[in-house]
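Whole structure, please, built from the sequences with the hints as guidance.
Residue numbers (my numbering), protein chains in the order written: chain A, 1 to 228; chain B, 1 to 228; chain C, 1 to 228.
By construction, these hints were calculated from the structure, which means they are not laboratory data. Some hints here could point you the wrong way.
Said to hold, decoys possible - Take a look, some chain B residues computed to stay more than 12 Å from chain A by CB distance:
1. D107
2. G110
3. A165
What the hints assert, rightly or not - Here are some, though not all, of the chain A residues that point toward chain B, as calculated from beta-carbon distances under 7 Å:
4. T71
5. L76
6. D77
7. R80
8. M105
What the hints assert, rightly or not - Across the chosen pairs, the derived CB separations fall in these ranges:
9. D77(C) - P81(B): 55 to 65 Å
10. N226(B) - G22(C): 27 to 37 Å
11. P155(B) - G70(A): 34 to 44 Å
Owing to the predicted nature of the structure, the values given are computational and were not obtained by experimental measurement. By construction, the Cβ of each residue, glycine as well, lies at the ideal position given by its N, Cα and C atoms.
Chain by chain, the residues:
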Amino acid sequence: MTDETAAREPASADGTAHPLYGYSTATVADALDRVGRDGCLLGIGPLFDGARIFGRAYTVSYTTAGHPAGTVGDYLDDMRPGDVAVLDNGGRTDCTVWGDILTAMADDRGIAGTVIDGVCRDVRRALDVGYPLFTRGRYMRTGKDRVEVRDVQCPVSVGGVRIAARQLVIADADGAVTVPPDVEDDVAEICHTIHERESRIVDDVLAGRSLAEARAAHGYHLLQRNQA
Amino acid sequence: MTDETAAREPASADGTAHPLYGYSTATVADALDRVGRDGCLLGIGPLFDGARIFGRAYTVSYTTAGHPAGTVGDYLDDMRPGDVAVLDNGGRTDCTVWGDILTAMADDRGIAGTVIDGVCRDVRRALDVGYPLFTRGRYMRTGKDRVEVRDVQCPVSVGGVRIAARQLVIADADGAVTVPPDVEDDVAEICHTIHERESRIVDDVLAGRSLAEARAAHGYHLLQRNQA
Amino acid sequence: MTDETAAREPASADGTAHPLYGYSTATVADALDRVGRDGCLLGIGPLFDGARIFGRAYTVSYTTAGHPAGTVGDYLDDMRPGDVAVLDNGGRTDCTVWGDILTAMADDRGIAGTVIDGVCRDVRRALDVGYPLFTRGRYMRTGKDRVEVRDVQCPVSVGGVRIAARQLVIADADGAVTVPPDVEDDVAEICHTIHERESRIVDDVLAGRSLAEARAAHGYHLLQRNQA
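This is the structure we're talking about:
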């Protein structure tokens, strides 16, 4: 598996790419700062460096299992190609909510990836097929009979950030971000500007200019400042 | 070093493989659930993704060094090929109990791997030779004159789990598990069933069946349930 | 990028290597023990296994941003080839003080690497070019308008260790250490002895000698003991 195989082109209904597709989480995070919104999931990292996600959230909320215990859910049957499984297990690191069978099926069905406020297991298969997983780590103890699905497609909290059903999720080697729907267009526009300015700063610096000059010339220190 | 070189065939006195050999830690963990026993080491991860261990524990318990300090021990002289060094340093991450010399010797003597409730150093050599290490991380400060061996081949605690001398230890990319001797046979039998059922679920799902149907057909949600 | 490309030969004014160049952080840590000095940065790990640093610190201290916020600094303009950027962001993991532009420029200018008591972003580029980063992890939220430079070339604290301007910083797969200037020569001499003795122990052990014998023959248990 190479890093490249891990990048999955997002499905789009009409064949055109989403205006945010291709921007790094760092650029999106700066744009979120500029519009004064949260979106950077804290403590959620990639299983492997080449993991990348771009898609819309299918959210699942877990809670401690009752007696008798409910199930860990067959929600994958209801997800569409290009969707991102966003699982809120309350940050628990002592039992998993993602494993072998789900990786195999998600990979087969064209799911864009999985983001978990919690841990996953059977990472060997995910590494082998290059399935993008963003989690708090790995463990092998199942969530079955420990947690159960409380609800799906409800707002969830992952890494301290609220994510609603169908909300855009973007992830790369730095971690995962989400963009609230009402600012998607603004964020995309700002990303364009930031990316362009930062590319010019890098070009200038590599051409021998000082960092202070290059940054001043392209307004670096204010690129992300909240304009509100 | 490839992932494959990291898998070490366990030594067995009579040439036959142990019935648990080859099962993932996830499958073993489910079987442990079914017999109602603990065995999943929490917070102990592989040094590299391809690291795998299958063998019997040679346990070492450390304590804070006295004055004058005792030594970090030459226990490796007493270990047999295929044994697993299981070192309980009380979860300390500020000094190491495994390094260069031990990696070189363990690799040479056919030791199956090392599991530490604590940290290791000189990981460069372990990465180069593919020696399997499962720990709380890396650091470079020695345990010499900071900790000393309290006892060997005594019951120890690693990742919250009790491990006795000669107890079976299995580790892979998800982490490490241990199986108490009195349930080894039961766990092996259950692993066989779980592995078979889960393989069928994956086959069914990849053949186009829904997850709900495939899981129901093969009793997925109860595979790990405690039968006691 | 291979591990090898990550090793950067340190710049030296007169063309001769520094006597400490080439020793592992583990060996340096033992020598620091022997002279009774601290130097092992706790909780600071490499971005990738092959990352290595050898150079002198250019220190930067950050503090929470005021209103209006100061900048994250253009200190890179003042660094010399072979210097190590040592950034004290107080261990904060919720905003970054190193990213894309700095990696590109540092790599271009021959900076030896960067050590952060905090997190970094845009790790994709650092991985691609093999730029050595030692940090508490990754995140994508910028430090701009969250933190500001308080001072440069002042003593800073990273991983619990004090590092002054121009102090030697050495880092490898185990993490990072620093050597106070007044003991550099002593530490180098001790490293020579330790490295030689440990190599002989490994040779003896691989030739079939017991660990106890080999260690006793070469004084292993006292190699790092404080002679003060």
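Next on the checklist: Run through the hints listed earlier and report the numbers of any the structure violates, in increasing order.
Outcome noted: Result: hints 7, 10 break, sorted rising.
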